[in-house]
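Letter by letter, the chains look like this.
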Amino acid sequence: MTNMAKRKFNFRKYGFLLEQLVQRDFKVKYRRSYLGMVWSLLNPLLMMSVQYIVFSSIFKSNIENFLVYLLAGITMFNFVSEASNNALISITGNAALITKVYLPLYIFPIAKVLSSSINLFLSMIPMLVMVAITGAPINIFTPLIFVNLFLALIFCIGLGFVLSTLMTLFRDVQFLWTIVLLIWMYATPIFYPVSIIPVKYSFIFNLNPLYHFITASRTILIGGVPPSLQTYLILIFISFSSFFLGGLFFVMNQDRFIHHL
Amino acid sequence: MIKINNISIRYRLATDKISSLKEYIIKFLKRDLHYHTFEALNNVTFDVQRGQVIGIIGRNGAGKSTLLKVIAGILKPYKGKIQVNGNVVPMLELGSGFDHDLTGRENIFLNGSILGYSKKFLTSKYEEILEFSDLGDFIDSPIRNYSSGMLMRLAFSIATVVHPEILIVDEILSVGDENFQRKSKNRMLELMSGGTTVLFVSHDLKQIEELCDKVLWLEKGNVMLFDETEKVVQAYHQFMTNNG
Chain U
1 MTNMAKRKFN FRKYGFLLEQ LVQRDFKVKY RRSYLGMVWS LLNPLLMMSV QYIVFSSIFK
61 SNIENFLVYL LAGITMFNFV SEASNNALIS ITGNAALITK VYLPLYIFPI AKVLSSSINL
121 FLSMIPMLVM VAITGAPINI FTPLIFVNLF LALIFCIGLG FVLSTLMTLF RDVQFLWTIV
181 LLIWMYATPI FYPVSIIPVK YSFIFNLNPL YHFITASRTI LIGGVPPSLQ TYLILIFISF
241 SSFFLGGLFF VMNQDRFIHH L
Chain X
1 MIKINNISIR YRLATDKISS LKEYIIKFLK RDLHYHTFEA LNNVTFDVQR GQVIGIIGRN
61 GAGKSTLLKV IAGILKPYKG KIQVNGNVVP MLELGSGFDH DLTGRENIFL NGSILGYSKK
121 FLTSKYEEIL EFSDLGDFID SPIRNYSSGM LMRLAFSIAT VVHPEILIVD EILSVGDENF
181 QRKSKNRMLE LMSGGTTVLF VSHDLKQIEE LCDKVLWLEK GNVMLFDETE KVVQAYHQFM
241 TNNG
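Sequences listed follow chains U and X, in order.
Using my numbering, the first residue of the first sequence is number 1, and each one after it goes up by one.
Using my numbering, the first residue of the second sequence is number 1, and each one after it goes up by one.
Note that these hints are calculated values from the structure, not bench results.
Every value quoted in this text rests on a predicted model; they were computed, and no experiment measured them.
You may find that some hints are simply not true.
Distance condition first, Cα-Cα at most 27 Å in a straight line; then the derived DSS-like pairs of lysine-lysine [as the list claims (entries may be wrong)]:
#1 U:Lys13 <-> X:Lys214
#2 X:Lys120 <-> U:Lys13
#3 X:Lys119 <-> U:Lys29
#4 X:Lys214 <-> X:Lys79
#5 X:Lys119 <-> U:Lys27
With the Cβ distance kept under 8 Å, some of the chain U side facing chain X (calculated, not the full set) [stated by the list, open to error]:
#6 Arg31
#7 Ile197
#8 Pro198
Ideal placement from N, C-alpha and C gives every residue a C-beta, glycine not left out.
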């Protein structure tokens, strides 16, 4: 078998494995609950309601369509948080398999991010319902939201590569990451307006990948206009550099994993 | 089929394995980051022809499982060359490829995909797997409700439904009830006569004598002997009585 043919064969073979792993995660997640998949729709709405009740008196007057503003931030942050937490343990959690069968290791973080993204895509249903209810424009630019989600997915795969590598080499990372996520949440304008941060500190937002993703979503969903070309270039740069640098980091270290499992 | 040429595997000693960041930083700052290493395999060389059944024996810690990992492609030797032609299917230990919240049916597909089978293949072999496992209607309930015997039957049925080119068996033939043991042994014999190359680790010398064409004897990472079954087993016996 030539090298090319072999690689193609492998891709098809592991495509099925990837499908099975993603399916497994999603099935198992809600298997023993009564409402099942409905939780994927309900959860962002409930979080939105809580934050609305808590923060509306403080921030509402500054923000156009506070409900959708909140929901756009919550769904994106939830995805990054869920995907990164799941990808973090994707190698260590499958140690029993990895030490027995030869499998391409990159498939584990990718599978975790993909199964988390099902939630993200499902949460677009309550999102669009809220957009319609609050009277925000739904127009030909609305489907652009899925481009944002796709780029966020690429970004998270890269993040997952880095985190699963670090976690395999140092188990402290799981505890550290919880804290990092907490800081990240407060550093991102999810429930507060961008304007409460003084202009001279606004570089913090610009360095925050999540800020760019959330802002682009709000531009589409609240403003009803497409994000600027510059915004897209930033998003593409963020997501693909995360993907490739994270992938490189993962591949450079993956031969050492077996000694740490 | 399998050509192992002069390979060595080196492990860092467990006491020096650093798994916390703090430890790493402290040791790094103290420039204390040198490791004690030991050779799990030391210049191991041997060839396996297609269709041969090779037994691997040796005391605990002799490097048997390490060798299997190298052949499966999980561990990279730091020295030497290894050439494996054909797909390697390991017989998984009980349940390591299973998810306990999924049904037996779903696990057949999950486990099958892990072993590298295609969807089409699994669909076409589904009935055969079900029949061999004797699970009947239980196939549609979550496997957390299965007894360990039922799990074993399911695992074995999935692993052996293909005729893999190279099958790795790491001491799992001795599980299950008598009836299933007989059944699984027959399936093994069938595989072995059907051109599958088998690498078989066991402490049960009787089983080795019964099944294997040749035997590789490892001792502390070195090949002591690689020859006809009878010779190796005899020498090993003698060695064990002398060295306990």
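Hint-by-hint comparison with the structure:
Restraint check: the Cα-Cα separation between U:Lys13 and X:Lys214 comes to about 33 Å, which exceeds 27 Å; the hinted pair is violated. For the suggested pair X:Lys120 and U:Lys13, the alpha carbons sit about 11 Å apart, so the restraint of at most 27 Å is met. With a C-alpha separation of about 23 Å, the suggested pairing of X:Lys119 with U:Lys29 holds against the 27 Å cut-off. Proposed proximity of X:Lys214 and X:Lys79 is supported: the alpha carbons are some 25 Å apart, at most 27 Å.
A threshold of 27 Å between alpha carbons decides the hint, and for X:Lys119 with U:Lys27 the separation of about 18 Å falls inside it, so the pair holds. Hint status for U:Arg31: holds, given a least beta-carbon distance of 5 Å to chain X, under 8 Å. With a cut of 8 Å, the hint placing U:Ile197 at the interface with chain X is violated, because the nearest CB-to-CB distance is about 31 Å. Restraint check, U:Pro198 versus chain X: the minimum CB separation of about 34 Å is more than 8 Å; hint violated.
When held up to the earlier numbered hints, the structure conflicts with 1, 7, 8 and fits the remainder.
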